[in-house]
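*Asks:* If you want the building blocks of each chain, they are given just below.
Protein chains: 2
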Amino acid sequence: MDKVTISDLSQHEGKEVELRGWVYNTRSIGKIWFIILRDGTGLLQGVVVKGEASTDAFLLEQKLSQEDSVIITGLVKKEPRSVGGFELGIKDIIIINHVTEEYPISHKEHGADFLMTNRHLWLRSKRQNAIMRIRHQTVKAIRDFFDSNGFTLIDSPIFTSNAVEGTTTLFEVDYFERSAYLTQSGQLYQEAGATAFGKTYCFGPTFRAEKSKTRRHLTEFWMVEPEMAFVDIDENMTWAENLVGYIVSKVLENCKNEFDVLERDINILKHIVPPFPRITYDEAFEILKSNGSKFEYGNDFGAPDETILSQHFDKPLMIHRWPADIKAFYMKRDSNNNKLALGVDMIAPEGYGEIIGGGQREDNIETLVKRIRHHDLPLEPFKWYLDLRKYGSVPHSGFGLGLERTVAWLCGTRHIRETIPFPRTMTRLEP
Amino acid sequence: MDKVTISDLSQHEGKEVELRGWVYNTRSIGKIWFIILRDGTGLLQGVVVKGEASTDAFLLEQKLSQEDSVIITGLVKKEPRSVGGFELGIKDIIIINHVTEEYPISHKEHGADFLMTNRHLWLRSKRQNAIMRIRHQTVKAIRDFFDSNGFTLIDSPIFTSNAVEGTTTLFEVDYFERSAYLTQSGQLYQEAGATAFGKTYCFGPTFRAEKSKTRRHLTEFWMVEPEMAFVDIDENMTWAENLVGYIVSKVLENCKNEFDVLERDINILKHIVPPFPRITYDEAFEILKSNGSKFEYGNDFGAPDETILSQHFDKPLMIHRWPADIKAFYMKRDSNNNKLALGVDMIAPEGYGEIIGGGQREDNIETLVKRIRHHDLPLEPFKWYLDLRKYGSVPHSGFGLGLERTVAWLCGTRHIRETIPFPRTMTRLEP
Numbered sequence: 001m002d003k004v005t006i007s008d009l010s011q012h013e014g015k016e017v018e019l020r021g022w023v024y025n026t027r028s029i030g031k032i033w034f035i036i037l038r039d040g041t042g043l044l045q046g047v048v049v050k051g052e053a054s055t056d057a058f059l060l061e062q063k064l065s066q067e068d069s070v071i072i073t074g075l076v077k078k079e080p081r082s083v084g085g086f087e088l089g090i091k092d093i094i095i096i097n098h099v100t101e102e103y104p105i106s107h108k109e110h111g112a113d114f115l116m117t118n119r120h121l122w123l124r125s126k127r128q129n130a131i132m133r134i135r136h137q138t139v140k141a142i143r144d145f146f147d148s149n150g151f152t153l154i155d156s157p158i159f160t161s162n163a164v165e166g167t168t169t170l171f172e173v174d175y176f177e178r179s180a181y182l183t184q185s186g187q188l189y190q191e192a193g194a195t196a197f198g199k200t201y202c203f204g205p206t207f208r209a210e211k212s213k214t215r216r217h218l219t220e221f222w223m224v225e226p227e228m229a230f231v232d233i234d235e236n237m238t239w240a241e242n243l244v245g246y247i248v249s250k251v252l253e254n255c256k257n258e259f260d261v262l263e264r265d266i267n268i269l270k271h272i273v274p275p276f277p278r279i280t281y282d283e284a285f286e287i288l289k290s291n292g293s294k295f296e297y298g299n300d301f302g303a304p305d306e307t308i309l310s311q312h313f314d315k316p317l318m319i320h321r322w323p324a325d326i327k328a329f330y331m332k333r334d335s336n337n338n339k340l341a342l343g344v345d346m347i348a349p350e351g352y353g354e355i356i357g358g359g360q361r362e363d364n365i366e367t368l369v370k371r372i373r374h375h376d377l378p379l380e381p382f383k384w385y386l387d388l389r390k391y392g393s394v395p396h397s398g399f400g401l402g403l404e405r406t407v408a409w410l411c412g413t414r415h416i417r418e419t420i421p422f423p424r425t426m427t428r429l430e431p
Numbered sequence: 001m002d003k004v005t006i007s008d009l010s011q012h013e014g015k016e017v018e019l020r021g022w023v024y025n026t027r028s029i030g031k032i033w034f035i036i037l038r039d040g041t042g043l044l045q046g047v048v049v050k051g052e053a054s055t056d057a058f059l060l061e062q063k064l065s066q067e068d069s070v071i072i073t074g075l076v077k078k079e080p081r082s083v084g085g086f087e088l089g090i091k092d093i094i095i096i097n098h099v100t101e102e103y104p105i106s107h108k109e110h111g112a113d114f115l116m117t118n119r120h121l122w123l124r125s126k127r128q129n130a131i132m133r134i135r136h137q138t139v140k141a142i143r144d145f146f147d148s149n150g151f152t153l154i155d156s157p158i159f160t161s162n163a164v165e166g167t168t169t170l171f172e173v174d175y176f177e178r179s180a181y182l183t184q185s186g187q188l189y190q191e192a193g194a195t196a197f198g199k200t201y202c203f204g205p206t207f208r209a210e211k212s213k214t215r216r217h218l219t220e221f222w223m224v225e226p227e228m229a230f231v232d233i234d235e236n237m238t239w240a241e242n243l244v245g246y247i248v249s250k251v252l253e254n255c256k257n258e259f260d261v262l263e264r265d266i267n268i269l270k271h272i273v274p275p276f277p278r279i280t281y282d283e284a285f286e287i288l289k290s291n292g293s294k295f296e297y298g299n300d301f302g303a304p305d306e307t308i309l310s311q312h313f314d315k316p317l318m319i320h321r322w323p324a325d326i327k328a329f330y331m332k333r334d335s336n337n338n339k340l341a342l343g344v345d346m347i348a349p350e351g352y353g354e355i356i357g358g359g360q361r362e363d364n365i366e367t368l369v370k371r372i373r374h375h376d377l378p379l380e381p382f383k384w385y386l387d388l389r390k391y392g393s394v395p396h397s398g399f400g401l402g403l404e405r406t407v408a409w410l411c412g413t414r415h416i417r418e419t420i421p422f423p424r425t426m427t428r429l430e431p
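Chains as they are written, first to last, in our numbering: chain D, 1 to 431; chain E, 1 to 431.
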């Protein structure tokens, strides 16, 4: 008899199969009863009919608990009314492990803190299962996009030796009698990568020790960072919008059931097709002003500002050419206005905030040295970074896309702690 | 005119194209001279002929330095004697950035430490470029293997809260007035994943603070860790050999040029097709004994032992059923011999050492509690881990494959520091 998964049932219609999984729920309507089985690939309704099922199986009705692990055998039947379109006519049920204590997570509502403490079990729920599958498909889409567009994967290191811009948001590590710091961005290493390989990306965890408890912050989150030689700010924006467009098209293609579970309106997502709107920081400022915002020119946009801006567009919005003073030292200046930096942020629609930050990098060594001095930073730690301008410097650009914020937007979930398997925040290190 | 890359030249035969890259080398034979261009996707020979190239371009011969960044235009010609099969009849050369100081890495030999200090530039060399491409294709093959076999990606966390097995090889992090530790393995979290999704994997950086300076050790390295519900030690070994067989087949398919650069004998790799030999620890012990080794029963195999064992097989070797005393507390015991743990290690051929460690996990809660107590470990930090046995426990297994050791074997390179873009060791945190 074939051992199959729920997701593969359509290939076994009319056949007797074996499934292995966990009891999600049971219910009775007299002479027949139903078992909802989950096996990690989906949910399946099994019908237990006296005379068709073994006597032992039929008598299990009162004995089964939620999350009992079981092996069941039965006949695969087409049933359009069932989720997935199939149903199992149960022949036999073997209990592998019987749950004797009540399962902590019932099908009722629970508080967020309780659920986070039971994250190892909460992941089994329909909703969390759907979000993790969308996360997986997002990761796959990102990697496929870069792999099929000539990028080489160059993993940036996690351990870095310097905290030249201050240790406020850096995690410090005891490293063989000296200190190391956990990376906040792999960008500088990707710049080395781009001059060696043309186009590179890294995709790994990054860390920020922010004393922030908002729904948008994690201390540990994943970021993908492409970097491209011979690419300016405009082409950089084209790469950014094409990446996001590709992600959306792939999750729409592969995660229909998951969006159903989340009750996410996918018509909004179907509209996310490049090109995306591009406005300057100055234009964004004008939009805020005409909406009565008290936003002051020269600041970074806060979450409320981003929400106002995103409401004016039904696609992700790219804001470019920022006041140089609020951007990092390595950003190239606009040749038309030296006070502006060639940075770009992408704001997700529906108020989900910034999902991409990037820009064109300064490629002139004298300008970069001046900029480092102006920011009161030491030159020595940047020696290798300056080498990239000394030997074969080229115009180059890149950006970073935050995985969890992107998944939160795609899933329509407000709190990013649901978008990573085991979230880490200021107050949470377990499970 | 089309802007193209060297890897795409075959699609532009007979056309004039623009290429952007860096000067790798130049040489002259009188009235014509040659420029070797690298653009990150490959190397290309350009021919500069008086009368065919612009006068400006022709006169550049004495001016160009290694690693000058340039834009060149020319005619794509078939040339079977050239690497890649094509040559460029140069029309014009525009220098973007001229190198005025001598490039530190010439085409001569350099010491390892000097090269590691200049890792940001060393990555541009032919050999390092080839290794990184093989690494990329290995990563891609691993992810494709799991994605196409029904596994869900469940990233394990990097920050963990406990150091119950001692802090000797753990990196400690200041975490908001308490301590966190960098993960050494995502396994326990994958066990939670497997009971939620059936089959899961994580693939990220892991950390070991080992005071070891051997060629096999990095403080930061990447590991892929699959975990599967309803899978025993035997099926676990089948997954492990199929994964490695798939990786080898994909890099052979996609990295022919790279293996040429490395002068790696791919006939040895072509032979790596599952099934792989499986022997018990006891059988391995007998092999060592009959080879005159002084290895003592009950120990873990050292590098010299692994080398002896690998010499007896031309495929990766799986050694299973280990003395339980030298394996972790969570390993399930062999039902035929309670002194043996159902662990498995995979040893690469040609003396490249262990690339996989894994096994079947203990799924009985009483046995596991007893084991934790026997190891003098506190129960409280394992509460969530024990929950996985309390609610729907199932037989399950998994393993971890070390990326850098695998790439070192595939590439035939003895020191794993060449297999990661920016290696971190006891003494190295830069660049």
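Wrong hints could be hidden among the right ones.
Given that identical chains are not distinguished, each listed pair holds provided it fits within a single copy or across any two copies.
Said to hold, decoys possible - Straight line, CA to CA, 25 Å or less: simulated DSS-like cross-link-like pairs of lysine-lysine:
1) 383 <-> 108
2) 390 <-> 126
3) 339 <-> 294
4) 250 <-> 140
5) 270 <-> 50
6) 31 <-> 383
7) 108 <-> 390
8) 256 <-> 390
9) 126 <-> 383
10) 63 <-> 370
11) 63 <-> 390
12) 3 <-> 294
Calculated directly from the structure, the hints in this document are not laboratory data.
*Asks:* Taking the hints in turn, state whether each one holds.
*Replies:* To see whether the hints hold, each was checked on the structure:
For the identical chains of this complex, residue 383 and residue 108 are inter-copy neighbours only, at 23 Å across copies versus 58 Å inside a copy, given an alpha-carbon limit of 25 Å. In this homomeric assembly, residue 390 and residue 126 come within 25 Å of each other (Cα to Cα) only across copies, at 20 Å, whereas the closest approach inside a single copy is 54 Å. Taking identical chains as interchangeable, the C-alpha atoms of residue 339 and residue 294 lie at most 25 Å apart only when both belong to the same chain, with a minimum of 22 Å there against 72 Å between chains. In this homomeric assembly, residue 250 and residue 140 come within 25 Å of each other (Cα to Cα) both inside a single copy, at 9 Å, and across copies, at 18 Å.
Neither within a single protomer nor between protomers do residue 270 and residue 50 lie at most 25 Å apart by alpha-carbon distance, with minima of 47 Å and 56 Å respectively. Neither within a single protomer nor between protomers do residue 31 and residue 383 lie at most 25 Å apart by alpha-carbon distance, with minima of 79 Å and 41 Å respectively. Within a single copy, residue 108 and residue 390 get their C-alpha atoms only as close as 63 Å, which misses the 25 Å cut-off; across copies the closest is 20 Å, which meets it. For the identical chains of this complex, residue 256 and residue 390 are neighbours neither inside a copy (50 Å) nor across copies (33 Å), given an alpha-carbon limit of 25 Å.
For the identical chains of this complex, residue 126 and residue 383 are inter-copy neighbours only, at 24 Å across copies versus 51 Å inside a copy, given an alpha-carbon limit of 25 Å. In the homo-oligomer, the alpha carbons of residue 63 and residue 370 never lie at most 25 Å apart, since the shortest distance is 75 Å inside one protomer and 28 Å across protomers. Proximity of residue 63 to residue 390 under the C-alpha cut-off of 25 Å is restricted to the inter-copy arrangement: shortest distance 16 Å between copies versus 74 Å within a copy. Proximity of residue 3 and residue 294 under a CA criterion of 25 Å is satisfied in neither setting, with 63 Å inside one chain copy and 46 Å between copies.
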